[in-house]
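S.K.: Take the sequences, apply the hints, and build the full model.
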Amino acid sequence: MKCPVCGFEAGEGVKFCPKCGASLESTFIMSTTHVVPGYRIKKVLGIVTGLSPRTRGVLGRFIAGI
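Position in the sequence shown (first residue = 1) + 322 = this note's numbering.
Bear in mind the hints are in silico, worked out from the structure with no lab data behind them. Any given hint could turn out to be false.
Unchecked claim - Pairs of lysine to aspartate or glutamate residues, derived as EDC-like cross-links and limited to a Cα-Cα distance of at most 16 angstroms, are as follows:
| # | residue 1 | residue 2 |
| --- | --- | --- |
| 1 | Lys337 | Glu347 |
| 2 | Lys324 | Glu347 |
| 3 | Lys341 | Glu331 |
| 4 | Lys324 | Glu334 |
Just so we're clear, the structure is a prediction, and the values are computed from it rather than from any experiment.
M.R.: Shown next, in the form of C-alpha coordinates:
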(Lines of atoms letter the chains of each structure in order from A and count residues from 1; the text may use other names and numbers.)
(Lines give C-alpha, C1' and ligand atoms only; values in the text may rest on other atoms or scores of the structure.)
Protein backbone atom coordinates (compact mmCIF):
# COMPACT_ATOMS: atom_id res chain seq x y z
CA MET A 1 0.00 0.00 0.00
CA LYS A 2 1.33 3.44 -0.95
CA CYS A 3 1.15 6.29 1.59
CA PRO A 4 -1.04 9.16 0.28
CA VAL A 5 1.10 11.76 2.10
CA CYS A 6 4.75 10.86 1.48
CA GLY A 7 4.47 8.14 -1.17
CA PHE A 8 6.33 5.52 0.90
CA GLU A 9 5.51 1.94 -0.09
CA ALA A 10 4.23 0.31 3.13
CA GLY A 11 3.33 -3.35 3.54
CA GLU A 12 -0.24 -4.66 3.39
CA GLY A 13 -2.26 -4.55 6.61
CA VAL A 14 -0.24 -1.66 8.06
CA LYS A 15 -2.44 0.99 9.74
CA PHE A 16 0.07 3.87 9.73
CA CYS A 17 2.93 4.84 7.41
CA PRO A 18 6.27 3.83 8.97
CA LYS A 19 7.96 6.88 7.42
CA CYS A 20 5.60 9.82 8.14
CA GLY A 21 2.95 8.35 10.48
CA ALA A 22 -0.05 9.14 8.25
CA SER A 23 -3.11 6.91 8.54
CA LEU A 24 -3.33 4.31 5.76
CA GLU A 25 -6.84 3.09 6.67
CA SER A 26 -9.08 6.09 6.02
CA THR A 27 -9.53 8.10 2.89
CA PHE A 28 -7.25 11.09 2.69
CA ILE A 29 -8.63 14.32 1.29
CA MET A 30 -6.04 16.76 0.01
CA SER A 31 -7.02 20.36 -0.52
CA THR A 32 -4.72 22.98 -1.96
CA THR A 33 -5.17 26.71 -2.10
CA HIS A 34 -3.11 29.56 -3.45
CA VAL A 35 -4.88 32.15 -1.32
CA VAL A 36 -4.67 32.46 2.46
CA PRO A 37 -6.59 35.48 3.79
CA GLY A 38 -4.23 37.97 5.44
CA TYR A 39 -1.04 36.35 4.09
CA ARG A 40 1.04 36.49 0.93
CA ILE A 41 2.41 33.12 -0.16
CA LYS A 42 6.04 33.46 -1.30
CA LYS A 43 6.96 29.83 -1.83
CA VAL A 44 5.25 26.45 -1.43
CA LEU A 45 7.53 24.13 0.55
CA GLY A 46 5.39 21.02 0.82
CA ILE A 47 2.37 19.45 2.48
CA VAL A 48 0.90 21.08 5.58
CA THR A 49 -0.87 18.65 7.88
CA GLY A 50 -1.97 21.18 10.49
CA LEU A 51 -1.70 24.78 11.51
CA SER A 52 -0.69 26.11 14.91
CA PRO A 53 -0.72 29.73 16.04
CA ARG A 54 2.54 31.56 16.70
CA THR A 55 3.13 33.98 19.52
CA ARG A 56 5.30 37.06 19.34
CA GLY A 57 7.23 38.78 22.07
CA VAL A 58 8.20 37.80 25.60
CA LEU A 59 4.68 37.99 27.01
CA GLY A 60 3.34 35.70 24.29
CA ARG A 61 6.01 33.10 25.06
CA PHE A 62 5.27 33.32 28.77
CA ILE A 63 1.52 32.84 28.30
CA ALA A 64 2.04 30.03 25.76
CA GLY A 65 4.30 28.24 28.26
CA ILE A 66 1.65 28.11 31.00
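S.K.: Look at each hint and say if it fits the structure.
M.R.: Hints versus structure:
1. Lys337 <-> Glu347: Roughly 6 angstroms between the alpha carbons, so the hint for Lys337 and Glu347 holds.
2. Lys324 <-> Glu347: It holds: about 11 angstroms lies between the C-alpha atoms, which stays within 16 angstroms.
3. Lys341 <-> Glu331: holds (9 angstroms)
4. Lys324 <-> Glu334: holds (9 angstroms)
Violation of the numbered hints given earlier is absent; every hint is satisfied by the structure.
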